[in-house]
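Chemist: Read off the chains here:
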Amino acid sequence: MGRSYMGSSEMTDSLWQPTASLEALRRRAELLTDIRRFFAERKVLEVEVPLLSRRATSDPHIESITALCNGDPAYLATSPEFGLKRLLAAGLGDCYSLGKAFREGEAGGRHNPEFTMLEWYRRGWDDRRLMVEVGELLSRVLGIGQVQSMSYRELFLRELQLDPHSAPEEALRHCTAREVELSFAPQSRDECLDLLMSHRLEAAMGDGITLLYDFPASQAALAKVVKDDSGTPVARRFEAYVGGMELANGYWELTDAGEQLQRFETDQRYRGMHKLHVYPFEERLVDALRVGLPECAGVALGIDRLLMLAGGYSTIDQVIAFPIERA
Amino acid sequence: MASYSTNEFKGGLKVMLDGDPCSIVENEFVKPGKGQAFNRVKLRNLKTGRVWERTFRSGESLEAADVMDREMEYLYNDGEFFHFMEPETFEQHQASADAVGDAAKWLKEQDVCTVTLYNGAPLAVTPPNHVILEITDTDPGLRGDTAQGGTKPATLVTGAVVKVPLFLEIGETIKVDTRTGEYLGRAKED
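Chains as they are written, first to last, in numbering that gives the first Met the number 0: chain A, 0 to 326; chain B, 0 to 189.
Please keep in mind that the hints were generated in silico from the structure rather than gathered at the bench.
Being a predicted model, the structure only gives us computed values, none of them experimental.
Take these hints with a grain of salt, some might be off.
[What the hints assert, rightly or not] In the SDA-like style, the derived pairs of lysine to any residue whose C-alpha atoms are separated by at most 25 Å in a straight line are: (1) 46(B) x 182(A); (2) 41(B) x 99(A); (3) 99(A) x 70(A).
[As the list claims (entries may be wrong)] What follows is a list of derived Cβ distance ranges for each label pair: (4) 17(B) x 40(A): 53 to 59 Å; (5) 68(B) x 40(A): 40 to 46 Å; (6) 87(B) x 271(A): 32 to 38 Å; (7) 17(B) x 122(A): 18 to 24 Å; (8) 85(B) x 243(A): 45 to 51 Å.
Glycine included, every Cβ here is placed at the ideal spot set by N, Cα and C.
Start from the sequences, fold in the hints, and give me the full structure.
Modeler: Listed below in structure tokens is the structure:
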């Protein structure tokens, strides 16, 4: 070896040890207890849905991890969404899942391929009403009183003087090139918007709890698309941010089976065209929607990031006992 | 030459960017909830020392740079080039004043430095963290002033100027941290 690393962590750390402190692991246990108490008080039922499934998400930006089960491919759940919605369609009321989710290729300061996700559904609610509850849970866990709500459009107008729904693509490209040093030319409106959001706007949201709502219709995922007051079709989707870190993503859920099938098929086509893996999609969700998913709102929240914020930790490795490098 | 994908990017990895060899300083994986994944990367341009920030699509790759760090003994300066030798093979390399840069003011013959080679030629020189050098010029010492904690400039044999305690004299040898230019203490007499 050309260089001496004596005394540095490379030599003294042992790979068998957890990367999280014992204190962080105790905080994790307290956090999970707090969350279960929050939902018990509100009569929301905890349920378990499969972590191993024959179907996978079709979302073009989320890759599943493939396993073998009884000799055939099965996929580790990227979220409990499909299982929970099938239970709602079967007549179960308000419910939540608190457990692991897996995403291929996601690793970094705020990502581990295996992570803990809380996801819950409220029957008869819309996104606006669920946002209030997300704010209440976050305030309680983080001890932050200040919760601000802002539309996606308001944030773009305030920070960049651009309307994300109506600005010409050329203006978006121009703004992205000015704000972000890129190695490539952005190929779509959404790519520009994602770059501006992650590189410029997240940091501009401040230290409190920010609930951002009414996303571009092109980023609807499984949310309803509805016209806003100005007549622009927007995705009734929201995200929660604290200190510039994205924590939660919620929808006023799509309940139309035909449109659900169409979105799955659009995703599958996109995957095929972009040489991404095309997984079997969850047609049983479409069947459930045909029978009838009650009007509801649902949200997924990253527990590891919540713990980072609650305990003042700067990287996800500090709150997970054994991240993937040591798992 | 090999290439590296964004998921292999880590601190210290040497890659080519815009035709220049760079060392990765930091690689941050960025992924909006329902959006596309990016890697936000900080790279040090090894020619200029400047740090660049650049965002890649996750999965993009960069060509590896033929850059390696070697421990070498500093031999002498012939007025134009600085000469270094690999201690095991006795292979000699000459580095331009540009490549040596600020390190020049710490180079003492026979000290072992880190020479960064790019395509086999010296690109940069890093002096040892600690060097022991003789004071060649400073104001007269003030004996008995050791407790005061005042400092004065002293010129060292290599041309570097550092702040030293008032009691030190011309001809004494001192230990200096080259990263900060800070005086660490009087060198022990052999």
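Chemist: Looking at the structure, which of the earlier hints fail to hold?
Modeler: 2, 5, 6 and 7
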